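Number of protein chains: 2
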Amino acid sequence: MRSLTFTALQGIPEIEPGMALDGVLAEALARNEIKLLDRDVLVLCQKIVSKAENRYVDLRTVEPGERALELAAKCYKDPRFVELVLRESTSVIRCVKDVLIVRHRLGFVVANAAIDQSNIPGAEHRALLLPLDPDASAERLRRSLHERFGVNVAVLVSDSFGRPWRLGVCGTCIGCAGLKPLLDMRGKHDRFGRTLKVTQIAAADEIVAGATFVMGEADEGRPVVVVSGVPEPYFSEPESARALIRPGEQDLFT
Amino acid sequence: MRSLTFTALQGIPEIEPGMALDGVLAEALARNEIKLLDRDVLVLCQKIVSKAENRYVDLRTVEPGERALELAAKCYKDPRFVELVLRESTSVIRCVKDVLIVRHRLGFVVANAAIDQSNIPGAEHRALLLPLDPDASAERLRRSLHERFGVNVAVLVSDSFGRPWRLGVCGTCIGCAGLKPLLDMRGKHDRFGRTLKVTQIAAADEIVAGATFVMGEADEGRPVVVVSGVPEPYFSEPESARALIRPGEQDLFT
Numbered sequence: 001m002r003s004l005t006f007t008a009l010q011g012i013p014e015i016e017p018g019m020a021l022d023g024v025l026a027e028a029l030a031r032n033e034i035k036l037l038d039r040d041v042l043v044l045c046q047k048i049v050s051k052a053e054n055r056y057v058d059l060r061t062v063e064p065g066e067r068a069l070e071l072a073a074k075c076y077k078d079p080r081f082v083e084l085v086l087r088e089s090t091s092v093i094r095c096v097k098d099v100l101i102v103r104h105r106l107g108f109v110v111a112n113a114a115i116d117q118s119n120i121p122g123a124e125h126r127a128l129l130l131p132l133d134p135d136a137s138a139e140r141l142r143r144s145l146h147e148r149f150g151v152n153v154a155v156l157v158s159d160s161f162g163r164p165w166r167l168g169v170c171g172t173c174i175g176c177a178g179l180k181p182l183l184d185m186r187g188k189h190d191r192f193g194r195t196l197k198v199t200q201i202a203a204a205d206e207i208v209a210g211a212t213f214v215m216g217e218a219d220e221g222r223p224v225v226v227v228s229g230v231p232e233p234y235f236s237e238p239e240s241a242r243a244l245i246r247p248g249e250q251d252l253f254t
Numbered sequence: 001m002r003s004l005t006f007t008a009l010q011g012i013p014e015i016e017p018g019m020a021l022d023g024v025l026a027e028a029l030a031r032n033e034i035k036l037l038d039r040d041v042l043v044l045c046q047k048i049v050s051k052a053e054n055r056y057v058d059l060r061t062v063e064p065g066e067r068a069l070e071l072a073a074k075c076y077k078d079p080r081f082v083e084l085v086l087r088e089s090t091s092v093i094r095c096v097k098d099v100l101i102v103r104h105r106l107g108f109v110v111a112n113a114a115i116d117q118s119n120i121p122g123a124e125h126r127a128l129l130l131p132l133d134p135d136a137s138a139e140r141l142r143r144s145l146h147e148r149f150g151v152n153v154a155v156l157v158s159d160s161f162g163r164p165w166r167l168g169v170c171g172t173c174i175g176c177a178g179l180k181p182l183l184d185m186r187g188k189h190d191r192f193g194r195t196l197k198v199t200q201i202a203a204a205d206e207i208v209a210g211a212t213f214v215m216g217e218a219d220e221g222r223p224v225v226v227v228s229g230v231p232e233p234y235f236s237e238p239e240s241a242r243a244l245i246r247p248g249e250q251d252l253f254t
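As you go down the protein sequences, you meet chains L and F in turn. Quick note on numbering: the first sequence equals residues 1 to 254 in the working numbering. Quick note on numbering: the second sequence equals residues 1 to 254 in the working numbering.
Coverage of chain L stretches by chain F, computed from C-beta distances (three or more under 8 Å per stretch; other residues unrestricted):
#, region
1, 2-13
2, 96-104
3, 114-123
4, 163-177
5, 186-195
6, 204-213
7, 244-251
Partial selection, computed: residues in chain L whose CB lies under 8 Å from chain F:
#, residue
8, F108
9, V109
10, L182
11, Q200
12, E217
13, G221
By construction, these hints were calculated from the structure, which means they are not laboratory data. Here the structure is a predicted model, which means the values were calculated and not measured. We put the beta carbon where it would ideally sit given N, CA and C, even for glycine.
The task is simple: from the sequences and hints, build the whole structure.
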């Protein structure tokens, strides 16, 4: 690999529930005069996928349970919001003032179950959950782009996650189709013939992090980035972003 | 920002202690026919910085202390290696079979104090420590490139870190000059006028992650990546990669 280019699509409209993302992308690609090629990687911010899939919840319809009330008192969050977080999670990892970190039903550890209230219309009453199955969303889009344009691309779904010990959020891969999310180097050797100790590269997270930087933040609204130059061996049959999740028995921090 | 390009420099030689990295870079840029421009960002793998600064330690000269022997028995690592890790660290975060996670003297939490034994010649007896002060290394190189080429670039030093809860290592920024490592969004509003809750973007980590993907791994040896297209507001007077480190009082995981 010599060079990798990340290009944000300009002018993606506000996504409404039910909109077909493949159509939105086709229009945006045409408007940006970008022709998709085999082995391009599309990175989509989860927010537009969630909006298209109508993962909105009206907080006024949410009845917080006992556990949500208890946790809400600890983290000073809206109990209805906490109830939603619990419904999207398999366990609570940390709950202190202003912080609620959980293991999401999709496997990763994330604050607030990655439920979002920024950049959504009517946010005082609305929250936006992650897509039901971001791998499946990515795969549907990958197939549909193949049908439309005859190209074999990969599709990644991104979100911005906080990290323990480091400040600032960083783009992270939560859905994956057509790319190996994790590159396995086990048994390979370094340039001096020594067996590598570091054995797995979080390829999809690295690509998504770069793409997230190009997306920009907040009011900028560039939720789709086309990545060109990813070498052939990274591509594969659909795999799951779950490959990036450390198995529970290796977890030293919960 | 519309587009970001990451280009790896080909043909960087094995770096020997005492080699001047600015000269190595100047040659590599010429050979790759790349002309540095204002606001390019150079990302350097820590390994070449450490090698140039002769941060090699001969393990045969290391006498493990009592604490090193005790920890080595727990993590099944060479006690001399553990002694080096302790000397580079301010505290031990986790120590179990095959895993030794510490807070590095530079502030971040990392396995083995980021001491490396892969891709270094004579590794059975040698270990390579991180640069003494990666921010200062980056700043020296930034100034020297300014003198040589009359351009204002930023320089980042990268390393591949593991993460709790996620598999695979991911490029992380450990040294920074000329760029804002952390973009502060506090008080800004989203597209619908709502105050943003996520307030800080780990810009340098996102750029470094993308660059690390382009560097490739192991035997490939592309330790320098030129990033073009980073928007002007990200540039700044020298700041420290320490800005990316979460203050201890916010730490929920050690």
